[in-house]
Each structure stands twice: as C-alpha cells, then as structure tokens.
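Novice: Reminder that position 24 of the sequence shown reads as 24 in this note's numbering, one-by-one numbering, no gaps.
To be clear, the hints were calculated from the coordinates, so they are not data collected in a lab.
Bear in mind that the values here come from a model prediction, so they are computed numbers and not experimental data.
Hints are not guaranteed to be accurate.
As the list claims (entries may be wrong) - Taking lysine-lysine and the DSS-like style, the derived pairs with C-alpha atoms no more than 30 Å apart in a straight line are:
1) K199 <-> K122
2) K212 <-> K293
3) K356 <-> K284
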Amino acid sequence: MTPHTPPQRPPGPKPAPGPAHLAVLLTDHPPAASVRLVATEDSGSLLGDSKAWFRPLIGYEGLQSLLGEVILPMEIDGIVASAHSVQRGRRGSKPPERFFILGRSSAEFAEGAQVKVRGLLKAIERAIRAIAGTTDTTAEQWWLAVELARRGHLRRGRIASAAGEDFLDAALNYECLGQAGNLVVWDEYTGRCADNLTKQLTTGKRNPLLTKLSPGIAKELLDLANLSLAEHVVKTLASRHGLETADGLFGQCAVLSGELAPPPLAEADQRVRDAVLTALEEGKVSGRHDLLKLDRSRPHVQAWMFSAGILIEAPDGYLFTDGQLCGWLAELAAAGIEPGQASVREIKDVLGLKRKPAEALRAWLVETSG
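Please take these sequences and the hints and turn them into a complete structure.
Specialist: Okay, here's the thing in structure tokens:
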C-alpha cells in the first residue's frame with residue numbers, strides 16, 4: 001500500500017477576492033507571507049468560518065505590530081478602528097492574537113505600489129510612536145496614526161464618529177497633536193508646512209513687496225484645507241523664526257522681519273495702493289476689470305494687494321478691502337447677526353449697502369464661514 005502524500009502547501013497563498021481593509025496584527029511571530037485568519041469563538045462572527053487573508057506590508061520593531069491588508073470574506077460596512085481576536089490557520093491550531101481592522105484600504109497600498117507607499121508606511125510608524133510610544137496600542141490609536149500619516153489633520157467630528165468621544169478627549173491631550181479650529185493637526189505636518197513656507201519666502205520667486213504673511217496667503221501658497229489650519233501654520237512659522245504677530249482679517253499674521261524681511265513698498269507704489277483703496281471705498285471699482293483702468297503701469301502693486309489680503313474677491317468677482325470687511329463684520333456682530341447666517345436684506349439694512357454689493361458680501365460670508 002502506497003502511503004498518502006499530502007499536497008504541498010504553496011508558499012504565501014494569494015488573498016481571496018473581496019474588500020480590502022487596512023489592519024494591524026499584534027504578534028511576536030510575524031508571518032512572512034499571507035496567512036488565513038479565523039475569528040476566535042469569543043470574538044463574534046465578523047470573520048466566522050470563512051477564509052479571510054491577511055497580507056503583511058511592514059513590521060514595526062519594538063511594537064510587536066504588523067501592518068497589512070486583510071481581505072474579508074464578505075462586504076462589511078462600517079468596520080473602522082475595531083478590535084478582534086483571531087487565530088491563524090484552522091481554529092484552535094494557533095494561539096489567539098489581537099487584530100485591529102482600521103478601515104477601507106486604498107489603491108496606494110495595492111501590490112506593486114511599494115515604491116510609492118514606502119514613505120507613507122514610515123510616516124504611519126512615526127505617527128503611532130508619537131501617539132502611543134512603545135506602550136500597548138489600541139485600534140483607535142492605529143486608525144488615527146494612519147489617517148494623520150495620510151492627511152496630516154482630521155476634523156474632530158470625524159475622530160469622534162470613528163473612535164468615540166472618549167478617544168477624542170484623550171487624543172486632544174496628545175503632545176504630538178495641535179488644534180486649528182475644528183481640526184486636529186499632527187505636529188509633523190505643521191512643521192512640513194512651515195518648512196515649505198520658509199522656502200517660498202526665502203527664494204527669489206516670492207513677491208518682494210510682501211511684508212506680512214497672512215493666513216489667507218498661506219492658505220493659497222500651500223493649498224490648505226481652511227483658514228484655521230493656515231493660521232496654525234503661520235503661528236508655527238512665526239514662533240520658529242521669532243517673528244512678531246499681528247491681528248489680521250483672517251486671524252494672526254506673521255510680520256516678516258530679519259532674514260525673511262522684504263524691501264518696503266516704494267513711494268510710487270504706495271500712491272497706487274492708496275488710489276486703489278480710495279476708488280474701492282467710493283464705489284468706483286467693483287471688479288478686476290475696473291482695476292486695470294486705474295493704473296496699467298503698475299499691475300504688480302494690485303497683485304501684491306491681493307496676495308497681502310488687502311483686496312478680497314467675492315465668489316462672483318466683486319472686490320472689497322480688508323478694512324471694509326473688518327468694519328462690516330463688526331457692525332453685523334454688534335447687531336447680533338451671525339455673519340455666515342446673514343441674509344441679503346439684513347446686510348442691506350444694517351450696513352446700508354446696495355443689492356449687488358450686499359449679494360456679493362453674503363456670498364463671501366457664506367464661503368468663508370463654511
């Protein structure tokens with residue numbers, strides 16, 4: 001009788017088709033290839049008896065953690081920052097291990113994209129070490145580390161909905177995180193933005209007439225999410241270089257000095273600036289096309305006024321000055337009207353504006369308050 005020879009197990013079985021999620025396996029014995037995972041009896045029926053394959057991406061030394069992708073056996077929505085107990089292979093054949101499912105994976109983690117994703121994987125490691133150190137980690141901490149490595153910041157509501165209000169309260173006390181309005185910002189991301197701003201301010205490409213770095217300018221230069229985040233970055237840059245700060249229309253502005261200080265505005269350019277401001281306040285200028293009629297010989301002054309936040313353009317192209325907007329915002333507040341909720345009629349009645357500028361102002365208020 002010929003003895004039965006069991007079939008050879010192929011090294012590293014390919015994951016079965018299905019939705020991919022980022023996951024973390026806490027283990028002292030990281031697998032070298034994809035492994036089958038089964039939920040333990042006390043872990044619910046998330047994985048059940050069906051095959052679920054875990055594909056390792058990178059192991060983090062000292063954390064006993066392996067980040068990878070898990071291929072779930074079925075479509076399951078809402079699996080974010082969840083903790084499970086799993087076993088490798090057939091149930092009972094391996095000791096239970098902790099397993100965190102962090103949320104849907106993306107194309108950047110697909111096989112073959114290792115060169116592109118290597119920097120992100122290292123950023124995730126820096127984030128989780130900054131958040132949790134080398135202590136026991138949780139699913140919520142890993143989820144936050146991945147999101148911060150990807151984006152640099154998260155809305156507080158997003159953290160609360162994904163990981164809970166208690167975790168949000170704890171996260172706000174992490175030393176590596178800052179707050180910018182309703183955003184929670186990773187300090188490393190803030191530092192990179194400040195580095196980028198410094199580089200732009202100290203190269204020959206910057207506007208030589210720029211004397212004040214406002215959040216509005218920083219938002220445009222860095223393509224940031226909102227003005228609160230831009231103000232957070234500006235404050236960081238000011239603190240780093242010992243710059244003075246001053247209140248501006250959109251928040252704290254860094255007054256450039258020392259090695260970042262550009263030359264002052266020339267006397268002839270100051271006259272052009274003053275003429276533009278006067279024309280706007282008298283209602284003689286409503287859009288960019290009117291600016292060209294004032295002085296075609298010095299368009300760089302008008303460009304500087306936009307970049308410095310002195311000229312503000314509403315969504316429909318109507319122009320205001322920062323002085324006008326500051327005064328109008330104060331008048332609306334004194335009348336007990338929330339700027340972002342003000343109607344065109346309220347703006348007309350309180351500020352005495354005509355319909356066209358009132359409509360433009362309302363559009364600007366809605367856009368900036370949102």
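Novice: Each of the hints needs a verdict: does it hold here or not?
Specialist: So, going through the hints one by one against the coordinates:
1. A C-alpha spacing of about 24 Å is found between K199 and K122, which places the hinted pair at or below 30 Å, so the restraint holds.
2. A hinted pair counts as satisfied when its Cα atoms are at most 30 Å apart, and K212 with K293 qualifies at roughly 27 Å.
3. With a C-alpha separation of about 14 Å, the suggested pairing of K356 with K284 holds against the 30 Å cut-off.
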